[in-house]
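Asker: Starting from the given sequences, assemble the full structure and let the hints guide the process.
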Amino acid sequence: MKTNVKTLAKILALSAGCSLVAMSHADNTIKFTGTVADTTCTATIDNGVTAIEMGTVSVADLKANTYSAAKSFSFTLTGCPTDAGALTKAKITFGGEADSYNSDYFKNQASVSPATNVAVAIFDNAGNLQKNNTEGSDVDISTGEATVPFTVKMAKSGAADPTKGPVSTTVTYNVTYY
Numbered sequence: 001m002k003t004n005v006k007t008l009a010k011i012l013a014l015s016a017g018c019s020l021v022a023m024s025h026a027d028n029t030i031k032f033t034g035t036v037a038d039t040t041c042t043a044t045i046d047n048g049v050t051a052i053e054m055g056t057v058s059v060a061d062l063k064a065n066t067y068s069a070a071k072s073f074s075f076t077l078t079g080c081p082t083d084a085g086a087l088t089k090a091k092i093t094f095g096g097e098a099d100s101y102n103s104d105y106f107k108n109q110a111s112v113s114p115a116t117n118v119a120v121a122i123f124d125n126a127g128n129l130q131k132n133n134t135e136g137s138d139v140d141i142s143t144g145e146a147t148v149p150f151t152v153k154m155a156k157s158g159a160a161d162p163t164k165g166p167v168s169t170t171v172t173y174n175v176t177y178y
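Yeah, the sequence shown ends on 178 if you go by our numbering, and it's all consecutive.
Derived from the structure by calculation, the hints contain no laboratory data. Source: prediction; values computed, not measured. Ideal Cβ placement from N, Cα and C applies to all residues, glycine included. Do not take every clue at face value.
What the hints assert, rightly or not - Computed spacing ranges between beta-carbons, pair by pair:
hint, residue 1, residue 2, range
1, 55, 145, 27 to 33 angstroms
2, 93, 69, 45 to 51 angstroms
3, 138, 83, 17 to 23 angstroms
Answerer: If you want it as structure tokens, here you go:
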């Protein structure tokens with residue numbers, strides 16, 4: 001009889017623990033929200049340019065200074081809705097293959113004799129690094145348009161000295177409205 005009572009007590013204790021575990025997950029929820037707009041802004045880079053030439057920098061300059069000279073480019077957002085209830089802010093996010101030494105930079109993807117220990121870095125107009133896959137600063141689009149200036153630079157990456165060769169990377173961009 002004692003064995004049956006002990007067994008029954010163990011079964012009750014185990015089943016009580018199982019129901020507590022099941023109950024502890026019952027109130028954990030995630031709510032996903034979004035907005036459907038009639039239109040979004042039209043985004044263009046330097047009047048439709050899809051390739052930006054960063055120029056040539058010497059190995060010595062890149063060794064001495066973490067970055068090359070800046071090359072400017074701009075995003076222009078036009079045709080943004082301005083009616084009542086329209087979203088009035090945007091953020092631009094740059095994404096691409098991360099550099100192996102500094103994941104905030106973009107990897108040099110040149111395929112034929114590429115420069116080594118060199119990556120690509122993008123900065124906003126205030127000089128803030130636009131980190132790979134991280135939203136940038138707020139952009140006011142309440143007037144229906146905005147121009148957002150950026151610069152791109154070659155960046156020394158890694159402990160070793162850079163070597164000569166081509167530098168190329170492909171970066172995608174995403175405009176988030178809110």
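Asker: Taking the hints in turn, state whether each one holds.
Answerer: Going through the hints against the structure:
Distance hint for residue 55 and residue 145: a CB-CB separation of about 29 angstroms, consistent with the stated range 27 to 33 angstroms. Separation of residue 93 from residue 69 is about 25 angstroms and departs from the stated range, judged on CB atoms against 45 to 51 angstroms. Distance hint check: the CB atoms of residue 138 and residue 83 are about 20 angstroms apart, consistent with the given range 17 to 23 angstroms.
Violated hint: 2 only; the structure is consistent with all others.
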